[in-house]
Amino acid sequence: MFEPSYYRRCQCKGPLKDKEGRPILDADGNPKIGAIGTTCPDLGKGHGTWAFYFELEPAEGGARQRVRRGGFAKLDDAKKKAKELYDAASAGTDVLSDERCGDFFLRWIKAKKSLARTTRHGYEKHVTNYLLPHLGHIKRRDLKVRHLDKMYDAIQEENHKRVLHRLRVDLLQKDRDAAHRAWVKAAGLKEERRAARRAFLDANAALREAKKGLRKVTSPATMHRINDTLSSALSWGIKREQAFARNWAKLVELPAVTRPKPLVWTPERVEHWKRTGDKPGPVMVWTPELTGQFLDFVKGDWLYELWHSFIFLGPRRGEMAALPWTEVSLDALWLRISQQIVEVAYELYGEAPKADSVRTLSLSLESGDNLAAFRAKQEQKRQEWADAYVESGRVWTHENGEGLHPDWISRRFTRLVELSGLPPVRLHDLRHLAATLSLLAGHDIKVVQEKLGHSSRQITSDTYTSVLPEMLRAEAESVMAVVPRDVPFDVRTPLVIPERVWQNDVAVFFAHGARQSGNNWAVGAQTQPDTDLLGVINLAGRGQEDAANAAVKWVRDYAAAHDHLELVRVENFNDRYPEEERAYFSLTRFTVARSESPDLGNWALPTGLPPAASRTTPRAPNRRQKAA
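1 is the number of the first residue of the sequence shown in this note's numbering; add one for each residue after it.
Where hints are given, some of them may not hold.
What the hints assert, rightly or not - EDC-like, lysine to aspartate or glutamate: derived pairs with alpha carbons at most 20 Å apart: (1) Lys144 - Glu99; (2) Lys553 - Asp486; (3) Lys139 - Glu99; (4) Lys79 - Glu3; (5) Lys553 - Glu566; (6) Lys216 - Glu157; (7) Lys125 - Glu3; (8) Lys377 - Asp387; (9) Lys113 - Glu241; (10) Lys212 - Asp228; (11) Lys45 - Asp76; (12) Lys211 - Asp170; (13) Lys377 - Asp331; (14) Lys212 - Asp175; (15) Lys125 - Asp103; (16) Lys83 - Asp175.
These are computed hints drawn from the structure, not numbers from a lab.
All chains, please: the whole structure from these sequences, using the hints.
As structure tokens, then:
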């Protein structure tokens, strides 16, 4: 039953008295002096603070449990706090505990037995570097959202100091580099070179001194991960022992995190990078052309087949480092991702991937041939190294058979990119590239999701797909095809698509426009520049866009006049012409499909049961068919 007692007390000191009001004397017979608390004669309005206590149910063995709190300026504040503590105690919260948050966090991390190694390492870093220094001294029962706000405010203040520190280091770096250049230029000038050398040594020493204690800025993304760690700890405490009234981490407002969008190395961005050395963004993706150039460059590298697999299969580096030959079928053309190697402080540990990351990848004929070629190279090295060869059982190894360290794979890839002279991408960016190439090839996002081992389509769509210029151009052309433009034209030669143009019921041809005189244009349809015309139209247009729009309407009208034809794609290549030629020429490509589907009008409505199906001889399985 909730029956709190409220009283005033103060911090005044004076002669102590017992319950009967008699003075308490020390050994010498003098009155003892101490905090007189509730017996202060000056207690009243404006003097002293309010406190309360109430009884909880007895503990095991009948031990008394009394909740006390004090220091309230107003009686209403004391009543509000008493009710809050009573409700928390009724819900199961241990309001009597004096455990500090620091002890709780250490107890929590020790109790989490099922954490993945990398997850545990991240939690421990957050606890050690942030939670213990900022929250460890607070009693667990007193933790509130204001304490968390103060922690993140302190992190941001420290960030400002780190930014200034880094700027100071950058300036000293420039001074050191300038001093080194001056030293080099002073070659042959004895006195000047000596002075320049001394200036360089002083600048280098200043730079080394400034670099001491240089730390990375805690980004908004890191702050969100810290808060996730804290939220996990508080949720565990609430579920296990009602250690907290609420999960305060869920009430914190943090800076927004903007996930970096993958950008493609377009020719304009490549040119800017060559001039300045600046990357347009942290996550970059090669175009198919640049990808081909890289593969051509690394053709003679020992791990060429590995780089090929990263580009076309999109695995993680730990998955490739752990892949054993027992999980590869060169006959059925598949490999199974069921293991991974994780790195914690450069130490390697084998772990099973998350459930969604365990997957079987189909191999193309080229990928299968690459794996067979690499296995043959391994066998040759096994004979050359003889007894010194390391039998690791891994697919991807060094020449002596030792397995690859995931970090070594990243560093080797970075070095190869530098040597190739291509614009830089990270090894992990090849997952973006693999996803983008799959989408460019027309694969569904669900196929890409399963290929990369993600738990949902949303993750794949938001994170690992960038848009190549080819896809952007196709999208823009599709929009143009959807919105018809009424550009008047005269048909000089009717459009006819002969049988030789059709390939598997698909016809692809171009409409080439050329300005004749003034605003008069002629547009001819043909499969290649040197082939016969399929038809010609004339129009009065203001430019190449009018010529292209007239061509679209011409082909659409032709398809509409033939029930079995469908205009499925329009691609505008006007931007391929040099700027000075765009006023005189236009080029549009059309893809038309035909189908001879039976008409319902010629179909008699059936009655009764359908005839029994005749059995057919089953087809022999393909040797390279994917294993079930």
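Okay, the hints, checked on the actual structure:
Only pairs whose Cα atoms come within 20 Å are accepted, and Lys144 paired with Glu99 is accepted, the gap being roughly 15 Å. For a cut-off of 20 Å, the pair hint linking Lys553 to Asp486 stands: about 7 Å separates their Cα positions. At roughly 6 Å between alpha-carbon atoms, Lys139 and Glu99 fall within 20 Å of each other, so this suggested pair holds. Simply put, Lys79 and Glu3 have alpha-carbon atoms about 11 Å apart, close enough for the 20 Å limit, and the pair holds.
As the CA atoms of Lys553 and Glu566 are separated by approximately 13 Å, the hinted pair is consistent with the 20 Å bound. For the hint linking Lys216 to Glu157, the alpha-carbon distance of about 13 Å falls within 20 Å, and the restraint holds. Proposed proximity of Lys125 and Glu3 is contradicted: the alpha carbons are some 45 Å apart, above 20 Å. A C-alpha spacing of about 17 Å is found between Lys377 and Asp387, which places the hinted pair at or below 20 Å, so the restraint holds.
Between Lys113 and Glu241 the alpha-carbon distance is near 18 Å, which keeps this suggested pair within the 20 Å criterion. As the CA atoms of Lys212 and Asp228 are separated by approximately 31 Å, the hinted pair breaks the 20 Å bound. A threshold of 20 Å between alpha carbons decides the hint, and for Lys45 with Asp76 the separation of about 14 Å falls inside it, so the pair holds. A hinted pair counts as satisfied when its Cα atoms are at most 20 Å apart, and Lys211 with Asp170 qualifies at roughly 10 Å.
With a CA separation close to 18 Å, the supplied pair Lys377 and Asp331 stays within the 20 Å bound. The suggested pairing of Lys212 with Asp175 holds, with an alpha-carbon distance near 17 Å, which does not exceed 20 Å. For the given pair, Lys125 sits about 16 Å from Asp103 by alpha-carbon distance, which is consistent with the 20 Å threshold. Annotation: proposed proximity of Lys83 to Asp175 is violated, straight-line Cα distance about 64 Å (limit 20 Å).
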